[in-house]
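Residue numbers (this note's numbering), protein chains in the order written: chain A, 2 to 164; chain B, 10 to 621.
Careful, some of the hints might be misleading.
Below, in silico cross-link-like pairs of lysine-lysine (DSS-like), each with a Cα-Cα straight-line distance of 27 Å or less [said to hold, decoys possible]:
1. B:K254 x B:K244
2. B:K359 x A:K63
3. B:K225 x A:K63
4. A:K67 x B:K225
5. B:K340 x A:K63
6. B:K244 x A:K63
7. B:K359 x A:K73
8. B:K254 x A:K67
9. B:K340 x A:K73
10. B:K254 x B:K399
11. B:K399 x A:K67
12. B:K346 x A:K63
13. B:K226 x A:K67
14. A:K57 x B:K226
15. A:K67 x B:K228
16. B:K359 x A:K57
17. B:K114 x B:K254
Output of the computed footprint for chain B on chain A, the stretches with three or more beta carbons under 8 Å from beta carbons of chain B [to be verified]:
18. 8-15
19. 57-63
20. 82-94
Quick list of simulated restraints, FRET-style, between CB atoms [stated by the list, open to error]:
21. B:Y583 x A:N66: 34 to 40 Å
22. A:I108 x B:G241: 51 to 57 Å
23. B:D158 x A:L17: 50 to 56 Å
24. B:H62 x A:S18: 29 to 35 Å
25. B:G156 x A:D115: 34 to 40 Å
26. B:G156 x A:V95: 44 to 50 Å
27. B:D534 x A:T150: 39 to 45 Å
28. A:N66 x B:P606: 31 to 37 Å
29. B:T338 x A:T150: 38 to 44 Å
Bear in mind the hints are in silico, worked out from the structure with no lab data behind them. Built from N, CA and C at the ideal position, the CB exists for glycine as well.
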Amino acid sequence: MRHIISILLENEPGALSRVVGLFAQRGYNIETLTVAPTEDNTLSRLTMTTTGDDRKIEQITKQLNKLIEVVKLVDLSEGPHIERELMLIKVKAVGAQRAEIKRTADIFRGQIVDVSASVYTIQLTGTSDKLEAFIEAIGAGCVLETVRTGVSGISRGEKILSL
Amino acid sequence: MRNYKFIIQPERAFVFRALIAQLFQLPTPLRACEEDSTVELLSGGEMLVRALHESGVEYIYGYPGGSLLHVYDALYKQSAVKHVLVRHEQAAAHMADGYARATGKPGVVMVTSGPGATNTITGIATAFTDSIPMVVISGQVMSHLVGDDAFQETDMLGVSRPIVKHSFSVRRPEDIPELVAKAFHIASTGRPGPVVIDIPKDMTMPNERYEYVYPKKVKLRSYTPPQRGHSGQIKKAVELLLKAKRPVIYAGGGVIIDGSSDKLRALVDRLDFPCTNTLMGLGSYPGTGERFVGMLGMHGTYEANMTMHHADVVLAIGARFDDRVTNATSKFCPDAKIIHIDIDPSSISKTIIVDVPIVGPVGNVLDEMMALLDESNEVPDAEAIASWWKQINEWRQRHAMRYEKNDSQLMKPQEVIEAIWAATKGDAYVTSDVGQHQMFAAQYYKFDKPNRWINSGGLGTMGFGFPAAMGIKMNFPEEMVVCVTGEGSIQMNIQELSTCLQYGIPVKILCLNNGSLGMVRQWQDMNYEGRHSHSYMESLPDFVKLVEAYGHVGIRVTGRDELPQALEDTFNKYNDRLVFLDVAVDPEEHVYPMQVPAGSMRDMWLSKTERT
Ligand SMILES: Cc1ncc(C[n+]2csc(CCOP(=O)(O)OP(=O)(O)O)c2C)c(N)n1
Ligand SMILES: [Mg+2]
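Bound conformation, chain B alone (with noise of 0.2 Å):
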């Protein structure tokens, strides 16, 4: 075992000093030797959380335990980094995710060892599916028990290695600041993600102190996430740009990551190419512009995926033809040059061979081609753009997003989301669960501006909007933030209720109760002969109730007429409360469109009885 109070110090004077400090208990950290006072000496738990607020961090969401305890001591004796604690781990890491899809910057975990930092396992994969930059803190048992099946000892290094970008153990606590400030840049930078650092407990004992230094700059000689893309590839594809007739701009999250939502926009608008948004993409160019032509893919619009299966030129911006989006890949594009700007060179030709691969950063890419376009002498085919237009606007004219409202106060899931757009003012952050709520609020709620709207899109993780909303607000305690959700998925995460009591967390939660698995029981009705298995939530509680019980507001809503009123007191007479709107909804409304499975982009169900 390493003796970690045989490391060498400064000088022992100081030494003599710092255990003054600590037996009278003075404020820590002291000054070190005169010739360099920036030295500083820590215990393994103070440095974390200094290096914490080094990096950036206001809030961590966390859960403590055993083998965290000296770190939530020093958590105490301090006020720069604010943390709040949670009623599930899976919740802390979804509040974590939420703040990072919101705001761009990582969003900080801290969890005990064994079951505390397994409970994380699905938050964490669901930033790591949809490149979400998350430091994950995770407490290990002693150094030396680590390996005997000590109490709550999890290899968590081991249990979380495929669903993390990177990870660390921490093996003496002097290394703390530096492998926090690594974290933080591995998890920031390139194609985002999550990285654990686990820390066994003796690396952060309060009677041991160390030099606190923080790295000026993280050095790692294997890490260099491309800061260009390669001008002779920007080259071929603003060529192929230019000659297309039929051309379409198919952007995805990577553009909201890399904040170049602006010159997505600016890119578009200028070539007058149709522009279609992935689930993760919605808001990175504007829902209600007259260039957008919707959401693509399972559940995309009928004019987005007619387009993306009409196209000879296909720009696809940080998207990675998910087979939520194409479909069959054998029949993806039939006619289509498919160029494709991504971070991560894997992503390229993964699943889709494309003709222009530029791997580099999207915004830089887009101001490289929009350089070329300055330069250029040529434009696009007005002619053809054209015709091109008018075409997509005969699709658009198929109006395959309306649906019809019932003569019975029972409600459409869909009309709910417009009226929640409409009291909004299309300008709220919307998170979501997973099912036909999520797919409804992805089509109905035009986000005209990007991060606002916060799904698991990749994992599809239900338990996720919630805690996802409660991050978002904390930090946007002005933006109206709504969670989007179903009476299933709520109840995954439905604990959380008491954290927002405790920090007073003014979410709204628009639970659409169509008192079942929808989006199962969809499957069910097209695939199997409507055999509901398993896809009816039997005795659902009194939400109402229950968030009452909570200490917060419950409003049920049961026909048409009740809503305006409801909402009214949502976003206006209880402003400043969290409230519960249970909205009944048809359970017998499917999402439409659809494509057929194993077909091609064209191929859609547009009702139940329509196809293409």
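Bound conformation, chain A alone (with noise of 0.2 Å):
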């Protein structure tokens, strides 16, 4: 299954590089990873996603634990959360296409944030699925370049992730 893992991480060099080593040294698998500085400047804030059964997800979640630069870390995916990712994609845009196109970045509100006369630079934001719903929608034939941040997490509700 699926998890998003989300972590404080004391804001050092070398706090990032121990959390990436982890996942190399012990196998396991990071499918995204974002961080970025909280508002408070000594910690980052840091998503990754990651896939295995309950046993690998415990253990992956106590080895991080383990990690004295992690200050607090939650599965999201163990209650309601919101999930985004963000994306540009570049797909060619000629003749017909055109309308098609700006139709279906409209449907799954996304916005062409750059025009030429023969691509179209779309923004979209939304869960992993609706972006991958979006490139099946437009036909992967025409799309020219993606770029993806990865997953950023949180709880819903009154549920923080604070120190």
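Need the complex rebuilt from these two chains, each delivered in its own frame; the hints are there to steer you.
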């Protein structure tokens, strides 16, 4: 199963490499990884998605918790949560395709953020599933380039990940 | 680049005084401003040495080099912290490790950047795998050169990352005392392990001085090792133990690390349950104790492995269900409910799913268990336990540890270990290298006390035993320290004979010389139809001449009749000398019992021809 692990990490050089190194060293798989400073500049917030059975995920979270720089950790997928990913995607857009792509982008609430004679650059946010659905909808054949941020996540309601 | 010279100093006048002091080489440290008499100005190098001293360090094991010259100069100017110059940095790490295993306190290593640092890697990994507290200080090139592939630059933090509990890089000299305090705290609490502090040379400049403040308390918001086990879980565990009909207590190195061997013994004896030890746990329960069924696992005793396999309740204490213990995990203890006490949550249900996990320090959990047993009006089912013991004693009757002595003078390795046990009255610190000799030592030397059996259990590092013995002997000069080794392993750190001469470290080296990489050869005999691919040590040195060249005593023993006199000489005549006993043993001998690969605990070879 896919899990979204969210971590408050000491904002120190080397901390991120310890997290990433752990995955490599123990043969765990990272699907996406996003990291940026938080409102508290001593902390970074890191979101990663990974897959594995319950036992594997339990090991992953325990091993992560052992890292001295991991301040707090939550598996967001254990409760209601919001996940978002941003994608910038360049698609071939010529002739009749132009209107069609625009319409599809609208349906997915994407925005065309750059235009050239034969190319649209579209910005889209949503769950990873939605981004994939969009690519499928416009047809992989006209995709020239994609770049995705990886998943960011936060739990719903009152639950807060903080010190 | 940061400019440390302009870091604000408490008082200009004070800076001036410090400068004068330096010019005239007045003794440092100086007392600073009147209102705060604790403030001193020290260079980074001096801070490091001072902070080590304040962290309780008596000995450092190390080797100097360019990046550490300022620190070595600071070491030279004081006497509180003593430095032992090894001949290879790997040995420094093993010395510190041996010291740590025998005393429970972190061992300290100091090495220069680049090759000095990388030479410690095997030693750090050895300590990491066995959860041994260690602080490694590695020099680094100047901060402004880091990343430029400078001379003797290695990314030590990167190289060591997977094998340390934590690591620090010094970015400001005034942080040194705090980082040292943190390193010792992390290394020695919770599940212990090695911590690396990487220090760029410019952090230790002798003419740049900063306020020295050693923290009274270490603050680490994200590091809080468990202080006690969950009472509800402990209660469940005790209930399970009281209902057990075929119980066994399986205790590992965690008991020794936590200093809780007495508590283990009290629990075992009170419940009258059988106790087995892992390779790392030997000595946590007395090896000659009646309730001790021996070591378990790959080369465990027949009775220990049978007891485990047939148990209905297994209480694992400070042990981690290593693959050399469990054999095939799917066949492990098929009928048992398993209770697991461990300080590291990630050890729990890692390889074997357990029924009652308890995360906490062993000693504290055992205290609570004892208290619950005191309160409870229930006692173990005496009848069931009695018939369980009857069964275990039948297994014992098989005498699977017997071996046959040769008719010729050529000794079996087992009999040499038994002789050493007798000669040292079972009370020596015994270190070992890795191979058959290690297993024979573990099987035939009965350890009645914890911290006496010192071996690289997890990593299996050949070359560990001798330097580890040196680290122990330096700290316990009155005690007998014996390194049991093989002619293969000893050559991996034999250069330390020189260090032993310099510092007068009279350890005893017992080399079970079978003229081959015995353990490899055994596997080749068993699994490769006796094709001894590269397991034969051709052109062995004359060890007696070799140790004599290093200024020590060498004694060769080729036959049984020579052994008593050799032991007498080793421990009496040459009591204050390093003695290398080169004992010829039967190269054909195998270590038994040996679990059958991919089988259960009870599937064992008991001899070359006998299988369970
Ligand atoms: C550094 C290192 N290299 C290789 C091995 C693999 N290994 C395990 S036991 C062994 C043979 C050891 O020979 P010796 O020291 O003579 O001991 P014996 O088994 O003969 O008693 C080897 C090569 C190891 N454990 N450590
Ligand atoms: Mg050998």
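Here's how the hints hold up against the structure:
1. A C-alpha spacing of about 18 Å is found between K254 (chain B) and K244 (chain B), which places the hinted pair at or below 27 Å, so the restraint holds.
2. A threshold of 27 Å between alpha carbons decides the hint, and for K359 (chain B) with K63 (chain A) the separation of about 10 Å falls inside it, so the pair holds.
3. For the hint pairing K225 (chain B) with K63 (chain A), the CA-to-CA distance comes to about 30 Å; that exceeds 27 Å, so the pair is violated.
4. For the hint pairing K67 (chain A) with K225 (chain B), the CA-to-CA distance comes to about 24 Å; that is within 27 Å, so the pair holds.
5. Between the alpha carbons of K340 (chain B) and K63 (chain A) the distance comes to roughly 26 Å, so the proposed pair stays at or under 27 Å and holds.
6. Distance restraint check for K244 (chain B) and K63 (chain A): the Cα-Cα separation of roughly 24 Å lies within the 27 Å cut-off, and the hinted pair is therefore satisfied.
7. Using a Cα cut-off of 27 Å, the hinted pair K359 (chain B) and K73 (chain A) holds, with the two alpha carbons roughly 21 Å apart.
8. Straight-line distance between C-alpha atoms of K254 (chain B) and K67 (chain A) comes to about 37 Å, which puts the hinted pair past the 27 Å bound.
9. With a C-alpha separation of about 37 Å, the suggested pair K340 (chain B) and K73 (chain A) falls outside the 27 Å cut-off, and the hint is violated.
10. Between K254 (chain B) and K399 (chain B) the CA atoms are separated by roughly 12 Å; this keeps the pair inside 27 Å, and the hint holds.
11. A threshold of 27 Å between alpha carbons decides the hint, and for K399 (chain B) with K67 (chain A) the separation of about 44 Å lies outside it, so the pair is violated.
12. Using a Cα cut-off of 27 Å, the hinted pair K346 (chain B) and K63 (chain A) holds, with the two alpha carbons roughly 23 Å apart.
13. A distance of roughly 21 Å separates the Cα atoms of K226 (chain B) and K67 (chain A); the hinted pair therefore holds under the 27 Å criterion.
14. With a CA separation close to 36 Å, the supplied pair K57 (chain A) and K226 (chain B) exceeds the 27 Å bound.
15. Note on K67 (chain A) and K228 (chain B): the hinted pairing holds, with a Cα-Cα distance of about 17 Å set against a maximum of 27 Å.
16. Between K359 (chain B) and K57 (chain A) the alpha-carbon distance is near 9 Å, which keeps this suggested pair within the 27 Å criterion.
17. Taken as a hint, the K114 (chain B) and K254 (chain B) pair is broken in the structure, with Cα atoms around 39 Å apart against an allowance of 27 Å.
18. Counting residues of the segment 8-15 of chain A whose CB lies closer than 8 Å to any CB of chain B gives 3, which reaches the minimum of 3, so the coverage claim holds.
19. Counting residues of the segment 57-63 of chain A whose beta carbon lies closer than 8 Å to any beta carbon of chain B gives 3, which reaches the threshold of three, so the coverage claim holds.
20. Coverage of a stretch by a chain is defined here by at least three residues with a beta carbon nearer than 8 Å to that chain's beta carbons; for the segment 82-94 of chain A and chain B the count is 0, and the condition is violated.
21. For the pair Y583 (chain B) and N66 (chain A), the supplied restraint of 34 to 40 Å is violated, since their beta-carbon distance comes to about 52 Å.
22. Taking 51 to 57 Å as the suggested C-beta distance range, the pair I108 (chain A) and G241 (chain B) conforms, at roughly 53 Å.
23. Checked against the hint of 50 to 56 Å, the pair D158 (chain B) and L17 (chain A) fails, with Cβ atoms roughly 23 Å apart.
24. For H62 (chain B) and S18 (chain A), the hinted distance range of 29 to 35 Å is satisfied, since their beta carbons lie about 32 Å from each other.
25. At about 36 Å, the beta-carbon gap between G156 (chain B) and D115 (chain A) stays in the expected band of 34 to 40 Å.
26. Between G156 (chain B) and V95 (chain A) the C-beta distance comes to about 47 Å, which sits within the given range of 44 to 50 Å.
27. Our hint of 39 to 45 Å for D534 (chain B) and T150 (chain A) is violated, since their Cβ atoms are close to 58 Å apart.
28. Between N66 (chain A) and P606 (chain B), the C-beta spacing of about 34 Å keeps the proposed range 31 to 37 Å intact.
29. Between T338 (chain B) and T150 (chain A) the beta carbon distance is about 40 Å. The supplied range of 38 to 44 Å therefore holds.
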